[in-house]
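Colleague: Based on these hints, arrange chain B on the given structure of chain A.
Sequence order for the protein chains is A and B.
Just so we're aligned, residue 1 is where the first sequence starts under the numbering used here, counting upward by one.
Just so we're aligned, residue 10001 is where the second sequence starts under the numbering used here, counting upward by one.
Fair warning: there could be bad hints in the mix.
Claimed, not checked - If you anchor each label on the Cβ, the simulated ranges turn out as follows:
1) A:Thr-581 with B:Gly-10440: 55 to 61 Å
2) B:Asp-10076 with A:Val-898: 22 to 28 Å
3) B:Thr-10171 with A:Phe-704: 18 to 24 Å
As the list claims (entries may be wrong) - Per the computed footprint, the stretches of chain A lying under chain B, defined by three or more beta-carbons under 8 Å from a beta-carbon of chain B, are:
4) 749-763
5) 888-896
The set of hints was computed from the structure by calculation and includes no laboratory data.
Owing to the predicted nature of the structure, the values given are computational and were not obtained by experimental measurement.
Backbone N, C-alpha and C fix where the C-beta goes; we use that ideal spot for every residue, glycine too.
One-letter residues, chain by chain:
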Amino acid sequence: MSHSVVVCARDTACRSSSGHRGIALIFILTLLAVISFTTTTTTAGAQEPATGRITGVVTDSATGQMLSAVSVSVSGTRLGALTNERGEYVIDRVPAGTHTLETRRIGYSPRNVPGVAVTAGGSVTANIALMASALTLEAVVTTGVVDPTSGTRVPFTVGRVDAADAPVPATNAVETIQGKVAGVTVVPSGQPGSGTDIVLRSPTSITKSNSPLIIVDGVILSQSFGASTADLESLDIESVEVVKGAAAASLYGSRASAGVISIKTKRGSALPEGPPRFTFRSEYGDNSLAGKIHWARYHSYLVNDQGQYINDAGQVVDRSGRVPDSLFRRFQDNPYPDPVYDQVDRFFNPGQFFKNSVTVAQNTGRTNWLMAVADSKEDGVVLNSGAYHQTNFRLNLDTRLRDDLRLSFSGYHNISKRQELYGDTFFDLINQAPDVDLLVPDPDGTPYIFQGDPEGREENPLYVLATEDNERLRTRTQGSVAAHYTPTKWLTFDADVSYDRSDRRLNYFLDQGLKTEGFGGPGGGPGEISQTIGTTDALNASASANLIGTAGPFTLRSTLRALVERENNQVTEGEGTGLATPGVPSLSNATERLLSSTYETIRSTGYFVTGSADYLGRYILEGLVRRDGSSLFGPEERWNTYYRASASWRMAEESWWPFAAITEFKPRISRGTAGGRPSYADQYETFSFTSAGGLAKETLGNRFLKPELATETEIGLDVIVKDRYSLQITHASTRVEDQLLEVPLALLFGYQSQWQNAGTIEGNTWEATLQAQVLRRPNLSWRVGLVFDRSRNKITEFDLPCYTTSTIAYRCAGETLGAMYGFHFINSAGELPADAQARSSEFQRNDDGLLVWVGPGNAYTEGESKRLWGTKTTIGNTNYDWGMPIRQLDADGNAAVVRIGDGNPDFHWGISNQVSWRNFDFYALVDANQGGQVYNNTNQRMYQYGRSADVDQVGKPEELKKPVDYYVALYSAADPTDYFVEDAGFVKLREVSVRYRLGSGAIDRIARLGVKGASVSLVGRNLFTSTPYSGYDPEVGGTIVRRDSFGYPRYRTVTGSIEINF
Amino acid sequence: MRKLIPLLALLVLGCQELGVTNPNEADRERATKDPKSVESFVSSAFRTWWRAGGHDDYPSWAFSTMAHEITSGFADYGQLETSAEPRSAWNNSPVNARAEVAEDPFTRFYGAISPVNDALIAIDSGLIITDENTTARTRAVGKFVQGISHGYLALMYDQAYIVDEHLALDTITTPVLHPYTEVAAAAIEELDSAIVISGRSHFDIPASSWLFQDMTQDDLARLANSFAARILAYTPRTREERAAVDWEEVIRRVDAGITSDFAPSAQPDILWDDWKRLIARVRSGPPSDFGRPSYWLLGPADSTDGYIDWLATPLDNRHAFQLETTDQRIQKAGDPDAPGKYFGFYEANIGSASRGTWRYSWYYYHRFGTGDSWQTGAQPALTVAEMDLLKAEGLIRLNRPDEAVPLINKTREANGGLPPVTVDGPPDEQGCVPRKIHGGCGSLWDALRYEKRIEGVGVSGVVAFFDARGWQMLPANTFVQMPVPGRELAVLQLPLYTFGGPGGNSSAPEPDEEACPVPLPRCP
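Excised from the complex, chain A in its bound form (with noise of 0.2 Å):
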């Protein structure tokens, strides 16, 4: 690395002499631009060069479609222009010689049409015919590079999705990856409006974020506050390229080790040039439930031959009287004297989705713009509450204002708002007695009564969320300015300078007189309050020099960067108790009242510099450093340099190659590495605020931390055959050091923990993409896209004391991020303790499968034939019940905390299927995990008051049957035992549409509305999944954390939409 680009080796980068130098050489580049500039405009000005004209019509190499919107332009030279609606385009004032045309378009394969004969005065006519292109593999790449790229150039790998590929615009902008890029796990949160859970390849960290890094047409998406992927829209996109690890992502330094996901929206510059074009969209259908969790329908509670309930006595007794029958036959088998309900049917209801949008576009050659307004109103599935209402507003804007000199402008307006879900929504739901009719009215004339039930705990969830308002209302203003200045052929200038604000809301109010948490009488509850206010605005910008030259065979380029980044983040709180009057949401109207702010501040600065050369286009060697500063790191280790060096072989392109039909065969190879940087708070040595202005110790500050470090090694080989088949295979592997953990301290010194850099871990990932173009006729095409991945993940080292988090995730060296630890039900009698080992024959393995005490000479089956249930003995230092699962034990006696399950899949793969026919378009994507388990503990806790139908034992024989008791003592009052962990694979239907476009006869029967296209189309999301787990949906927890914990279940989507062209 060349020292003197090091700028900025302290905190304040130009107090250091290195820094200056910096700062100089990129000061010394931009005067020799302008230099460069004022000559170059001189000699323009003294003497015009012959000229002529290229015109031509470009079309489908395969059905003769005439192309709009193809960028045809003379190498060498700034000449070019874009096709218009027939496909025509006219380049004047091309000096005269011979020429080379280069084409682009998306969807098709760049193509280079030398020998282009221009004579002084004279116009001559190239037809141009070019080649559909499915494949990724070729399309021009701009993440991770400095400079769009073409694909089969870059020496990485780079996933990319364009919104052809993506027909059915996802929940979750971000989505739009999920099934079609390799090495992409996405756990999609139920509820509307919220963000979502993704990991690119491998986990890079043990406790801080693995989200990837999220840019928007360069905005780079500030993610420190809650759901804030929520805020976009999957309508805007043109394109999303995923870059995974830190062999391609060190151009982003220390916010890169998890990756980063480059979305780019739709501009005018794709419309051929002309008047503006609007488009009308409307889409409306069903939110409803995808799958059912099964509620119990029978009781275990004393009855008589009526089936009405009775005390011990024999007396019949009402419903609060009733007592459990006798322990050696307490079986849940008994029907309900009274009706019953599935509580999933009366909680969930279907809703209603629509989504309306319309959008003005223009290209006029020197200026394209678009502008998108999009409204959408999701209900989701709970009944009538939870609904999310949006309403974005988007304009984007390129302008050439000289031949030298381009700006580009991208904004975008959110607004949005949500009817929240109050935290136990869902758990208060699992627990409703069967014979609980949630939707009688309640006494005080709420419309569903609190608490149906005399003997419950959790109030009704609907009464709750009848009588709570409780509502999120944001705002997201995004922009992004930047201009492009090539002042001579081999030197550029970009500056960008790009913004987001995010205001967020939550207001919360509860009267008083309502009943509540705590407060379930006929008076209700004091009344509660709360507002709050949340702002983060971030400011990121930056300038870089782009040197590009050629001598001989060779191509160099080289870019140098500075990058200044700035975050705040700002965070009220106003909650109050007890109000004064009746109905006035207002904080004042607060008898007890409670305020609490934050504030943070986050400030960073990178400089970059790149080095690329290619001989003859065959062999590419790229290398890259980048220094970053951030305040987020210890006073002591302010500064880290990342790098990024990569090489690729173009086999195919070499003389000697034998196989024309291989078109590309590029062996590659990149190595890099990249940071993940510390929470605002891990670095300070701090005294709490307790409440009232108390201090408390807390955490140990640490000046010495430093950024995860990230190094990724990265191995492929992309493969193209006949410009129909692409192939690439990668495999990645990734070593993340000096990973930030949380230590514990000795309490001695009254502080609990310290953030350190004490712990490493390591993956490895296996990617393959296959994209196949089967057929391309007039009439008939079908693509068809195949992804595959299969990672691997270990911590190597740990500094600290192994430790469980999450209820079941264990931190260790030697696991897995996704290992579930928990206790184990024991199977056979090698796993009892050795004091009961002399007595192995008093146990017996059940039907479950679980080893069980049933007591010299009897038989699992005989707990109720011999009244064996309930009894219990002591063997050794431990205590056993009849015919109940029995946890391991460890050497010290206690019950063994073991690895239980693993949540990672064994691979991943997802295959999406687009053919067109005549006027139809079909697109199905399939997705699926092999393995992979999810711990449910939804229907753990549904056995805890045998909600659960599977603590039911109508059907069962008579001695298969089990208390009640037995289904609690797998209930193992929550802890994590091995008998919820489930098998979570999945084939799911993920997305279907069926468009069909209106031919040119009915196009032409309404041109005279000025109709230039129409569609309809019948769209599915999350149609239809085959898995052998027992929730809702498989897909639920995180990421990494794959635990089911009654959170709102991801349903499905059926709607139609209709698209108008004008």
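Modeller: Positioned in the frame of chain A, the structure of chain B alone reads:
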């Protein structure tokens, strides 16, 4: 050139200051030098102690349910596994999902001690907080918090660190754990320091924070003596150790102790008594739906044979029942359905039968309110009644039962509406309270223990456990003390150990409910 000014401006902008001061929290540098900050280290320390000192979830739920005071069918806060019968060893593994039972108090007590030590070090180095008396106030309350923190560590754990302002932390390479007896002695010494400093100063303690009750320096000294009485009397792990307590000294401390209840005034979200909230809670219908007064607590007041029958029934076959009593704390006179002053009858089974129907209780608790009363108002935490009864125990043990009688009768008559006891116990008549577990009227010793348990419910979540182990009332194999938490042992790289369970260390022996410490009428 001017066209490039924005470009250059950005480059200059890139050279920004990267050091950011955290505006959200006080940095150590300034906090330890500013007199007001140093004072706040001490003034906010008591509220850190408070939660683990019997006024929040950990370890109150585990301790109270183990002591058969409150019963609950829920697993939260470790209560289910610690109160399971037959009893098992405490799982001290740091990965135990209920590890907080042991971790939370250990963390909080040192969390209270540490900033106090910083403050005392600063004062010893010459820092003056406003004036001499204000400085003395900080020092006195600081020593008080040190004392009650070390004292409660001694009450709960077999060993702990002794760390005060004189321990040079920066020289420690291997932290030393001291046996609980040494920790208790250090605690008494610290409380005595607080008493001495209070005795030579003049200050007022404001109610707004500090101890959440208006106090003078004399009040603080009295409170320190009462806490010292607790530590002296409750530290023993066995009946034999309790008998060996210096009861003369306990009585001296009680006499020098509080003359009115120590009842910090709750402030929402600052200091409140979650123990009182949770045992009285009306969540969604039934009152006390999280934990309820156990039959072991209320049963001795039952004038029917319901309790005796309940005890005689195998544990797993026991069901909830309604009792009748003359104790007006449990029911209104003559009406078993009408609530008494502290408890009420509500026929609902809370929790799962599978956790044991013996955990069921048809009684709820409302002495300190049921709504949001834990968030405001006085929260009795150390009562004159407790001190009186502690003194009464000392007097009985010192063979002066006649002097104990009036102390027992104070609450018994005033709150329970019960006839006074004599040295012979309650009057031998139908409806006598308490009764013995096999029938017949109880002894004076029974009356003392009944009174202390009934009056103590809800005041502190841990005292019933300390009494039960010293009175040998805990179910067999209950752990009588906690080991140093597994998390801390792991940090210190010490081997894991634990207590309780069949054949384990520090396991309670078979309970011996009725044995009296000295010969008394009606004692076996």
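Colleague: Please go over all the hints and tell whether each is borne out by the structure.
Modeller: Hint by hint, here is what the structure shows:
Here the CB-CB span from A:Thr-581 to B:Gly-10440 is close to 59 Å, well matched to the stated 55 to 61 Å. For the hinted restraint 22 to 28 Å between B:Asp-10076 and A:Val-898, the CB-CB distance of approximately 24 Å keeps it satisfied. Between B:Thr-10171 and A:Phe-704 the beta carbons are some 22 Å apart, a value that agrees with the proposed interval 18 to 24 Å. Closer than 8 Å: that is the beta-carbon criterion, and the stretch 749-763 of chain A has 4 residues meeting it against chain B, so the requirement of 3 holds.
Coverage of the stretch 888-896 of chain A by chain B holds. Counting CB-CB distances below 8 Å, 5 residues qualify, and the rule asks for three or more.
Comparing the model with each numbered hint stated earlier shows that all of them hold.
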